Amino acid sequence: MKTRYKKVMRDLLSGYAKNAMLVIAMAMGVFGVGAILGGYSVVKREMTANYMGTVPASATLEMEDSLKQGLIDSVRQWPGVSQAERHATVLARMRIDDKWFPLLLFVVDDFEHQRTNIARHVSGEQTPPTGTLLVERTAFVVMHAQEGDSLLVKTRHGEAKALKIVGTVHDAGLAPAWQEQAGYGYITLSTLRALGEDGGFDQLRILVSEHADSRDHIETKAKEIAIALNARHHGVHEIQIPPPGKHPHQSQMSAVMTIFVMFSFLVLVLASILVGTAVATIMVKHVRQIGVMKTLGANSRQIAVMYLTMVFALCLVALVIAIPLSRVAAAAFYDQIAVLLNLEIRDASIPVWVVAVQVFSGIGIPLLSAAVPVLRGSFISVRKALDNHGVGHRPQQQLSWTMKMLSSWKFAGDMFPLAMRNVFRQRSRLAMTLGLLAAGGAMFMMALNVSEAWEANLSRIYQQRLYDVEFRLNRLHPTDTLLAKLKSIPGVTHVEGWNSAAVAFSKGNKGVEVTRTYPDKGHGSFSMQALPVSTQLLRPDITAGRWLREGQANEVVLNQLATPMLSSVALGDTVSLTVNQHTTAWTVVGFVEDVGTPATAYVSIEAFAKAEDTAGKSNVLRVAYADRSKESTVKNNRLVEALLEKENIGVDATIPVWLLRNAIAGHMKVLVNSLMAMALLMAVVGTLGLMSTMSMNVLERTREIGVMRTLGATPRKIRSLVVWEGVSIGVMSIFLAFALSLLLSAYIGSFIGHMAFRTPLSLQISIVGVVAWVAMVMAGAYVATLYPSKRANTITTREALAYE
Amino acid sequence: MEHTNEKFLIRLSGVTKTFPVASGIFHALNNMTLDIPRGQLMAITGKSGSGKSTLLNIISGIDKPTHGSVVVDGVRIDTLSESELASWRGINIGVVFQFFQLLPTLTIAENVMLPMDFCNRYPAKERRPRALALLQHVGIGDQADKLPSALSGGQQQRAAIARALANDPPVLMADEPTGNLDSQTSTAIFELFAGLARLGKTVIIVTHERDFASYFENTMAMADGKMVTELSHA
Numbered sequence: 001m002k003t004r005y006k007k008v009m010r011d012l013l014s015g016y017a018k019n020a021m022l023v024i025a026m027a028m029g030v031f032g033v034g035a036i037l038g039g040y041s042v043v044k045r046e047m048t049a050n051y052m053g054t055v056p057a058s059a060t061l062e063m064e065d066s067l068k069q070g071l072i073d074s075v076r077q078w079p080g081v082s083q084a085e086r087h088a089t090v091l092a093r094m095r096i097d098d099k100w101f102p103l104l105l106f107v108v109d110d111f112e113h114q115r116t117n118i119a120r121h122v123s124g125e126q127t128p129p130t131g132t133l134l135v136e137r138t139a140f141v142v143m144h145a146q147e148g149d150s151l152l153v154k155t156r157h158g159e160a161k162a163l164k165i166v167g168t169v170h171d172a173g174l175a176p177a178w179q180e181q182a183g184y185g186y187i188t189l190s191t192l193r194a195l196g197e198d199g200g201f202d203q204l205r206i207l208v209s210e211h212a213d214s215r216d217h218i219e220t221k222a223k224e225i226a227i228a229l230n231a232r233h234h235g236v237h238e239i240q241i242p243p244p245g246k247h248p249h250q251s252q253m254s255a256v257m258t259i260f261v262m263f264s265f266l267v268l269v270l271a272s273i274l275v276g277t278a279v280a281t282i283m284v285k286h287v288r289q290i291g292v293m294k295t296l297g298a299n300s301r302q303i304a305v306m307y308l309t310m311v312f313a314l315c316l317v318a319l320v321i322a323i324p325l326s327r328v329a330a331a332a333f334y335d336q337i338a339v340l341l342n343l344e345i346r347d348a349s350i351p352v353w354v355v356a357v358q359v360f361s362g363i364g365i366p367l368l369s370a371a372v373p374v375l376r377g378s379f380i381s382v383r384k385a386l387d388n389h390g391v392g393h394r395p396q397q398q399l400s401w402t403m404k405m406l407s408s409w410k411f412a413g414d415m416f417p418l419a420m421r422n423v424f425r426q427r428s429r430l431a432m433t434l435g436l437l438a439a440g441g442a443m444f445m446m447a448l449n450v451s452e453a454w455e456a457n458l459s460r461i462y463q464q465r466l467y468d469v470e471f472r473l474n475r476l477h478p479t480d481t482l483l484a485k486l487k488s489i490p491g492v493t494h495v496e497g498w499n500s501a502a503v504a505f506s507k508g509n510k511g512v513e514v515t516r517t518y519p520d521k522g523h524g525s526f527s528m529q530a531l532p533v534s535t536q537l538l539r540p541d542i543t544a545g546r547w548l549r550e551g552q553a554n555e556v557v558l559n560q561l562a563t564p565m566l567s568s569v570a571l572g573d574t575v576s577l578t579v580n581q582h583t584t585a586w587t588v589v590g591f592v593e594d595v596g597t598p599a600t601a602y603v604s605i606e607a608f609a610k611a612e613d614t615a616g617k618s619n620v621l622r623v624a625y626a627d628r629s630k631e632s633t634v635k636n637n638r639l640v641e642a643l644l645e646k647e648n649i650g651v652d653a654t655i656p657v658w659l660l661r662n663a664i665a666g667h668m669k670v671l672v673n674s675l676m677a678m679a680l681l682m683a684v685v686g687t688l689g690l691m692s693t694m695s696m697n698v699l700e701r702t703r704e705i706g707v708m709r710t711l712g713a714t715p716r717k718i719r720s721l722v723v724w725e726g727v728s729i730g731v732m733s734i735f736l737a738f739a740l741s742l743l744l745s746a747y748i749g750s751f752i753g754h755m756a757f758r759t760p761l762s763l764q765i766s767i768v769g770v771v772a773w774v775a776m777v778m779a780g781a782y783v784a785t786l787y788p789s790k791r792a793n794t795i796t797t798r799e800a801l802a803y804e
Numbered sequence: 001m002e003h004t005n006e007k008f009l010i011r012l013s014g015v016t017k018t019f020p021v022a023s024g025i026f027h028a029l030n031n032m033t034l035d036i037p038r039g040q041l042m043a044i045t046g047k048s049g050s051g052k053s054t055l056l057n058i059i060s061g062i063d064k065p066t067h068g069s070v071v072v073d074g075v076r077i078d079t080l081s082e083s084e085l086a087s088w089r090g091i092n093i094g095v096v097f098q099f100f101q102l103l104p105t106l107t108i109a110e111n112v113m114l115p116m117d118f119c120n121r122y123p124a125k126e127r128r129p130r131a132l133a134l135l136q137h138v139g140i141g142d143q144a145d146k147l148p149s150a151l152s153g154g155q156q157q158r159a160a161i162a163r164a165l166a167n168d169p170p171v172l173m174a175d176e177p178t179g180n181l182d183s184q185t186s187t188a189i190f191e192l193f194a195g196l197a198r199l200g201k202t203v204i205i206v207t208h209e210r211d212f213a214s215y216f217e218n219t220m221a222m223a224d225g226k227m228v229t230e231l232s233h234a
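Heads up: the sequence lines are chains R and W, in that order. Residues in the first sequence are numbered consecutively from 1, following this note's numbering. Residues in the second sequence are numbered consecutively from 1, following this note's numbering.
The hints are simulated quantities; they were obtained by calculation from the structure and are not laboratory data. Just so you know, these numbers come straight off a predicted model, no measurement behind them. Don't take every hint at face value.
[Unchecked claim] Taking CB as the label site, the calculated pair distances span:
hint	chain 1	residue 1	chain 2	residue 2	range
1	R	A677	W	E82	45 to 53 Å
2	W	S152	R	R301	34 to 42 Å
3	R	R301	W	S149	25 to 33 Å
[Claimed, not checked] Stretch by stretch, here's where chain W covers chain R in the computed footprint (C-beta under 8 Å, at least three residues):
hint	segment
4	283 to 294
5	297 to 307
6	320 to 331
Cβ atoms here follow ideal geometry from the backbone N, Cα and C, with glycine treated the same way.
Next comes chain R alone, as it looks inside the complex (with noise of 0.2 Å):
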């Protein structure tokens, strides 16, 4: 090995401390951005892979009436057509310890033959005998029961049956049952007929041979089905056309982890601002060596690749030690987002191009941060080198009129004044340090205050819902006498009867409607909320126009998630609308906001009856309870439960308000979770910059500690010098912290809650945060402080004054 690069390597070696300090720092840089990107592009792979494994059907058509085999097997031969399935889905009840939950029942043709949304058997049957049903494997964590066991359910129109749980399956294509805190369960015709059910197979399913990922294309196809299907009485009132190709949550999972990608290089962006700090120090304090070599025939270029093979050589330390484990880090990563996407993973592998931008991040960031400072140094004049003598190369002349100001605050000491002055001199040093500092506070905070607003958030669910439990009925019931006696009931402070309908935007397609609802009837979907104008039971909040007034026909109110189904909507338009294939046209009033619902047309109730000849009855129910807790509300519901029974009244599916708040609050608690990981990370970064910094700006000033001591300065004056420097970069680092969190959170939440509610979320200023990182960074600036200021007073004047 060259001479000069064992001068590299023992200089590596001798200042072991900090250079570890150097390597932790980049090696959380290098590690965050593989573990974010390696759980990313697997993520990525099996989402696509799982998603397209179930064949999805390119489009869904709603019919009338049951399908017979023979109209499928004609579908079939349809030009542009490669399959076609009949298929039924039917909202039903399951009873969990007493209480009834949402269970989704896929009705298949023909278990061993699926062609589209593909349930993949797992264990036990394949197909599921008549009183049997497979349950898809999310979904026993909620109906707490496992193969084997048998289920209570309950259809629209039969008696509750139970039904043995007989196999397992995996739909790729569901959000988890957990998160949506229903069950989905899998079962033959036969089984829908022995639970009271005598409606057959309503939905046919297509897969178009070309341009499968057109929308337009397959929206084209699927019309020209349905106008031909309803030309041979076969009434088609719905197509349903889910984003070609996308998972129900791709989107949304796609441009969370874009953010996580640009925060874990933005800790690696840190950790090299950190580096480039670092080594800007290392050269001043070489300078003389940087002379002496000069002197000896070293020309610049060889001491910039000497102190670039010092920073190479602490990036490879970094990666060797930062790759694996963000492998491991990656692997829970992508195991933990699988479970919140119903993922199965299949192919682990994360790809190789992960490692390369590893290292290459890894390795050219921080050279590249390190760049400045080595050329600076490298390229400086022998005689400067030679002359220098520590910090202060361009001495003031004057003190400034901040500099007059503080050294007046007497309060905090004497030494305080000139620790103010010596936090100073480094101007650049001190920016990057508190740049360093702010980026890790801010982020922390961040954190912090998006996950508290996300809670926020959660908690107007109850504040904009002001019932306890929806009833949605098995159909319309007259409600006259049935509001009294539920009101009647102990508990009960208010009810009201609504009407729900599925509706789309009509765009004069004589009767068919496309949609963009996913098969679980759920993502995507758009329905028409038929209320009691002066309702006691919601208060969204209104963002544009107002709410519905009593006697103005035809009025509606859009929520967030349907004004973007329009291209382009505002006060005063007239939409239409179709329910049940009655187009009618409203009037757009007001937009509002409620978080937790699917996109909704608000109208008021009268106005529905009207247009839909449904007056006196509703299909929902909204009861309000005195006492709000879930513990009340189980019991309350079994109260109205009974009644609801004793009247003959069909209950489909009952959901408290809670329950809702449980399936919103699962679908981004483990994101919200890893931000928090991500900023703290950036917190030790921070940190880390400051150890850093501090240990720089004391050791530079070796020589001048010694003329201090030399002039009769205590050790103790010499640690309260050290200390007070280290307090005021942390002091000054937090305000800006605050301010920056504060963009920051408004950015994030508003990204964040657009992705899970449509909404921004609220800016909230987490305490517990702001207490937290102050917390942290006096901690840190006092241990930051603790061993430049040890060695300080260890060093002998002697020895202090003769530093070069």
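Start from chain R and add chain W according to the hints.
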């Protein structure tokens, strides 16, 4: 670079060096013309601020004159670039510092090998034997594999002299080389320099030590950036 056989190894002509200071312009060297013959042990003396270190820096190419020309061994160095100067200096000038300036993380032998590495002089296999021979010559061959901090001041200065000789330069320059040493060690160091001059090296030493005047073949006194005592060119 070819060495010439001219009588004067170093020739300065009308060299001026100025530095900007708060009160205006400071003349460190003021229109100085100087010829230094080969193979001499020569002293430069003068008070602090007289310009002697600046003169040393100008001759070694560490600094460039504001005006005038500097020719060393036939090469006009004031026109060379920083990069050219670095390799020229590594081969032609050996510098010895007051505080030794050995690199602390390299052993004594490695310190001596470093200039050979930078200037790519001598095959890599020959560098260590050469370094050991030089250390032997200056009397510390047994200290070769120790770190500088393990050596006394006198031993470190001997190591620094060995390092200055690494690339066999014709000129050796030392700025107060005994300023940090006791008198006994200083004597040994001056004897070492005198021996090197006898071997044909041109040794220029900036010093305040009057006790060692007998070692010098030539002494030049400086004041206010000018030569106040002419050199004898016998």
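Consistency of the hints with the structure:
1. R:A677 with W:E82: 45 to 53 Å: holds (49 Å)
2. W:S152 with R:R301: 34 to 42 Å: With Cβ atoms ~36 Å apart, the hint holds.
3. R:R301 with W:S149: 25 to 33 Å: holds (30 Å)
4. 283 to 294: holds (count 5)
5. 297 to 307: Contact hint for the segment 297 to 307 of chain R vs chain W: holds, 6 residues under 8 Å.
6. 320 to 331: violated (count 0)
Consistency with the previously given hints fails for number 6 only.
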